[in-house]
Amino acid sequence: MKRLSPIISFILLFILLSVLIFVPAFNAFAKEIEISAVVDKTSISVNESIDLTVTISGGKGSVDVSGIQDFTVISHGTSTRLQIINGQASKKTSYNYTLIPKRDGDLIVPPLPVSTDRGIFNTKVITIRVSQKPIEHRGGNDVIVSSDVSEQNPYNGQQITYTFTLKNAVQIHEAKFQKPEFSGFSSKEIEREEPYRTVISGREYIVTQITYILVPLKTGKKIIEPAVIECNIVRRIKRGGGSSFGSFFNDSFFNRAGLETKVFKTSPLTVNVKPLPKYSSDIKFSGLVGNFKLKAELENNTLCVGDSTTLSVIIDGTGNIMDAQKPEIIIPDRFKVYEDSPEKNITAGKTGFSGKKVFRFALVAIQQGTFTIEPVRLVYFDVDRDKYKTISSSPFSINVIAPAKKEVLNLFSAAPGSLEPQNSLKQKVKFTGRDILQLKEDIDSLENKKPLSLYVFILFLAVPMAFCLVLKIYFVFMPAGKNAGPAAVMAKRSENALKKADKIKDNNVSADEFFSCLYKAVVFSIFSKAGVKGESLTYKEAQNFLGTSGFSDETAKQAAVLLEKIESARYSGLNVDKAFKESLLAEIKQMTRSLSR
Amino acid sequence: MTAVKQIICRLIAVSILMFSATSFASDNTLSDNTGSKNISSGNARAFLDGITDYRENDFAGAITKFSEIAGTGIKNGKLFYNLGNTYLKNGEIGYAVLWYERAMQLIPNDPDLKFNLEYARSLVKDATEDKISPVFKILFFWKYLFSESTVQWAGIVLNAIFCLFLAMQWRKKNRIVKTTGYVVLFISMLFILTAFYNYYEKTYLKYAVILPLQTSVKSGFADKSTELFVLHAGTKVKVDRQTEKFIKIVFSKGKIGWIKKSEAGLI
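Just so you know, the sequences run in chain order A and B. No gaps in the numbering here: position 592 of the first sequence is 592 in this note's numbering, and each next residue is one more. No gaps in the numbering here: position 159 of the second sequence is 159 in this note's numbering, and each next residue is one more.
One chain only, chain A, in its complex shape:
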């Protein structure tokens, strides 16, 4: 496959990323358009102003504010916000206005037509109360709390929901919620949902709800105490005042925020818990109140004597499902019954507790025949119909047959191609019995195999060493005789010549003899390596001999140079000093040593 050039790859990557980023944004425009108009205050004095914001969600358009007659309208422009969260894009365009009242009284911001590419939409009417006297803004409607229950007259055991609602049009901090006691009820808080926004009378509020599931424990009139919330409200504190720069400093830029601690309480709620109607039937009441279904399942309808099957009874529905007890099941006495722990899957939601409870029974057949398991019945109180209801499952028929004969071990030969690895798990081989291994019956069991004694061991070690010692002595002390090889003879002669040179080096008279000895030492050493006998060598011959004896060219050349040096000193007729002799002797010794290695 042909590879793309880096530039084309980069462009394609850029396009792909752009599509990934902007397609969700384009999708935003395809969504429905929502229009809202909110004000920051609904009660002001004639000297004050309010801020009006018209928001278009999911598109863009234009706002016609010409219909506002009771206020002087000052536009502050628009702001647009585009959000992409989890691939979901949302676009909001806000048109901001300041409204200054022209008179006092209940003034109206009429429905404002908003023209979009999907048509014209109108905002809702907003009523603003304008008074002559200055209004102390203590946050009357900034925070609203309320509570309610889903059912004020529940039956005993019927679950209801209690919802506390907090609506705040201003920013709040550090809210502390104190729930009611819920005396006479069992309570369970359900998972809180994310706060949402809503517009009430032209003001936008953030709504937070806390919901509890309550199950009455006793009949009678119950009072749910008020819920209390304490929070810090963020308020802007205006600066300036009487000075000539007051209006200048009244600008929001110079205002700072302050916290005001407030406590809000809901009204108490009264719940009248009714007793359940009188129950009279042969079937036992299960104690469940709500809406339920019953289902029973049997694993196998046919089984052998000794085999087991599982009967599952499932109670499913909304209500006090957690209180469900094992239903009465009539099982033929030809079965042994083993009960399993019930399995629960219950969730708490806005509709209360819902889920299912499964009861399992293992039935082991102990006699062959055909047996019937009667339908499982359950009576619960249906809160929708205000009466007891009986639900039941279908009956089951079980055919129990005689046990199969024990399997006969059959040997199979593997068919060609059937040797692929099987999916079965490999088993660890375990001992099925324990015993020792058999006797060793070889007759060599009677051979004495004891180890060597210490002395014999040392003797055996010493013998080869002794032979080595003898050999060494032989090499050291035995002279190179007539029968010795040429190499040994030449080596010995070289050694002797060197010793002699060492002796006469201080004798000035015998300089010629000294150089002769050195010459012999080198030449005999070379002959020794070549394994031949001889008396003299040319430089060239010496070099060739050493080369063929495995020495490096450099060593061979050095030996030749040395020979030349000796002969030059010997025949030049110059008077050589002692230092030169010693230096030359040292060189020759080193050479013969290196040749003897």
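Keep in mind that the hints were calculated from the coordinates and are not lab data. Any given hint might turn out to be false.
Cross-link-like lysine-lysine pairs, in silico, DSSO-like; alpha carbons within 27 Å at most [to be verified]:
id, chain 1, residue 1, chain 2, residue 2
1, B, Lys-173, A, Lys-540
2, A, Lys-472, B, Lys-173
3, A, Lys-449, B, Lys-206
4, B, Lys-245, B, Lys-255
5, A, Lys-492, B, Lys-172
6, A, Lys-449, B, Lys-253
7, A, Lys-450, B, Lys-137
8, A, Lys-221, A, Lys-265
9, B, Lys-173, A, Lys-450
10, A, Lys-218, A, Lys-278
11, B, Lys-143, A, Lys-450
12, A, Lys-221, A, Lys-179
Treat the numbers as computed from the prediction; the structure is a model and nothing was measured.
Using the hints, position chain B against chain A.
Relative to chain A, chain B alone:
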């Protein structure tokens, strides 16, 4: 001077030859003792009878036959293994472990022996408290891998090879021979030192196995001495000291005491 040298050389050569002759003479004597073909017909008959008794579940009879053979001084790992088997079948766990341990010294790598000894140890009631470190066993693997005899002969043969290399080097210097010689020397030294350690261990580090089903380890010789702890048949202990009738044993670090000599079998 040359004459003196020659006399010295010849004296050394003669002495070495005499020494060698003595060595071989000793070796010949040894081979008389250890000769594999010197199996007496009496021992062979007892051995076969012992096997027959074992097969017929007459373990007491088999013990008698095999013990007779062992009593003649034969040291053979297979014979000791058979004795271990016979004692185990006869329900004498202490003696079984003792003979298996003795066999381990001669044929430590025999798989049947390892299997049976492991089985016998599983029947021993006392848990072993001190064990040889596995690191030690890895570092000195040859000690645990080879029998005492194998270590000895490996040391002897490698030593001979090293001497041969040495002689070759003296005769004609050669780098390869020299390097190989060092390697052989190193390996031979390992085996020779191990063989000497084995001698030391056999002479000074003695082990024993508890023979009765249960024995009290006491603080002293007297019958009224305090019982320190109890050991059971088959438990291996280290022998610290011996007197005429008692031995001082070390079971583990801190568990030391005296038992009657008859209650333990020296491995």
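Hints and how they fare:
Restraint check: the Cα-Cα separation between Lys-173/B and Lys-540/A comes to about 26 Å, which is no more than 27 Å; the hinted pair holds. The straight-line distance between the Cα atoms of Lys-472/A and Lys-173/B is roughly 14 Å, inside the 27 Å bound, and the hint therefore holds. At roughly 20 Å between alpha-carbon atoms, Lys-449/A and Lys-206/B fall within 27 Å of each other, so this suggested pair holds. Distance hint between Lys-245/B and Lys-255/B is fulfilled; the C-alpha atoms sit about 20 Å from each other, no more than 27 Å.
Between Lys-492/A and Lys-172/B, the direct Cα distance comes to roughly 14 Å. Compliance with the 27 Å bound is thereby established for this hinted pair. Restraint check for Lys-449/A and Lys-253/B: not satisfied, since their Cα atoms lie roughly 35 Å apart, outside the 27 Å limit. At most 27 Å may separate the alpha-carbon atoms for a hinted pair to count; Lys-450/A and Lys-137/B meet this at roughly 24 Å. Note on Lys-221/A and Lys-265/A: the hinted pairing holds, with a Cα-Cα distance of about 22 Å set against a maximum of 27 Å.
Restraint check for Lys-173/B and Lys-450/A: the C-alpha separation of about 41 Å exceeds 27 Å, so the hint is violated. The suggested pairing of Lys-218/A with Lys-278/A holds, with an alpha-carbon distance near 16 Å, which does not exceed 27 Å. Taken as a hint, the Lys-143/B and Lys-450/A pair is honoured in the structure, with Cα atoms around 17 Å apart against an allowance of 27 Å. Simply put, Lys-221/A and Lys-179/A have alpha-carbon atoms about 20 Å apart, close enough for the 27 Å limit, and the pair holds.
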